[in-house]
Amino acid sequence: DAGVIQSPRHEVTEMGQEVTLRCKPISGHDYLFWYRQTMMRGLELLIYFNNNVPIDDSGMPEDRFSAKMPNASFSTLKIQPSEPRDSAVYFCASRSGTGFQPQHFGDGTRLSIL
Amino acid sequence: GQQVMQIPQYQHVQEGEDFTTYCNSSTTLSNIQWYKQRPGGHPVFLIQLVKSGEVKKQKRLTFQFGEAKKNSSLHITATQTTDVGTYFCAGQGLEYGNKLVFGAGTILRVKS
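So the protein lines, in turn, are chains H and A. Residue 22 in the working numbering sits at position 22 of the first sequence, with consecutive numbering throughout. Residue 48 in the working numbering sits at position 48 of the second sequence, with consecutive numbering throughout.
The shape of chain H in the complex, shown without the other chains (with noise of 0.2 Å):
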């Protein structure tokens, strides 16, 4: 069974310009989760979705950060202007929204700020 995909794997661009990532979710799976990985701040959940409705965008760091999911198999996260300390890995994850269920991660995406 396909995995959480996310693209692209690596991602350089220089300080103002507009960045997306994207993220195919496992199918069937009706929640999705935005996750940045730093070594400072470690693992931070940034927005998450349940049947493509955002429901928590409490961790977004400001509104330089938007997230889309128009539809159940695909999601979005915009950085416009990006900024140096924006460069983290930014990771997808999915699960279904029966009981307690794990969360499956992306391989993620490394995202470098000039």
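Since the hints were derived computationally from the structure, they do not count as laboratory data. Everything numeric in this text was worked out from a predicted model, so none of it was measured. All C-beta atoms in this analysis are idealised placements derived from N, C-alpha and C, irrespective of residue type, glycine included. If a hint is listed, it holds; no wrong ones were tucked in.
On the chain A side, residues computed to face chain H include the following (Cβ under 10 Å):
#, residue
1, Y35
2, Q37
3, H42
4, P43
5, V44
6, I47
7, L100
8, V101
9, G105
Put chain A on the given structure of chain H with help from the hints.
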């Protein structure tokens, strides 16, 4: 601030030695999950504990959930080089809005 505390932050052991990481929550949890992240990889689910005082084993790994459902531990017996990575606990509970709150992780290095 961090709602799920995990210690130690880092441990370097000789191959064959045991290893333990501890997780503490400020509030009662409904369940706790453990994940392992290999260097350069992504977190991978290991196990979930739900019941008070629950103990589960996976080969050399032993997981415990405290009686008060506020703490948990992961113990590895006779570490091997394949155990290298970061071990995260993640708690879920009403106080956390049913989100999964991750601890900071314990980085394990094994000397052969």
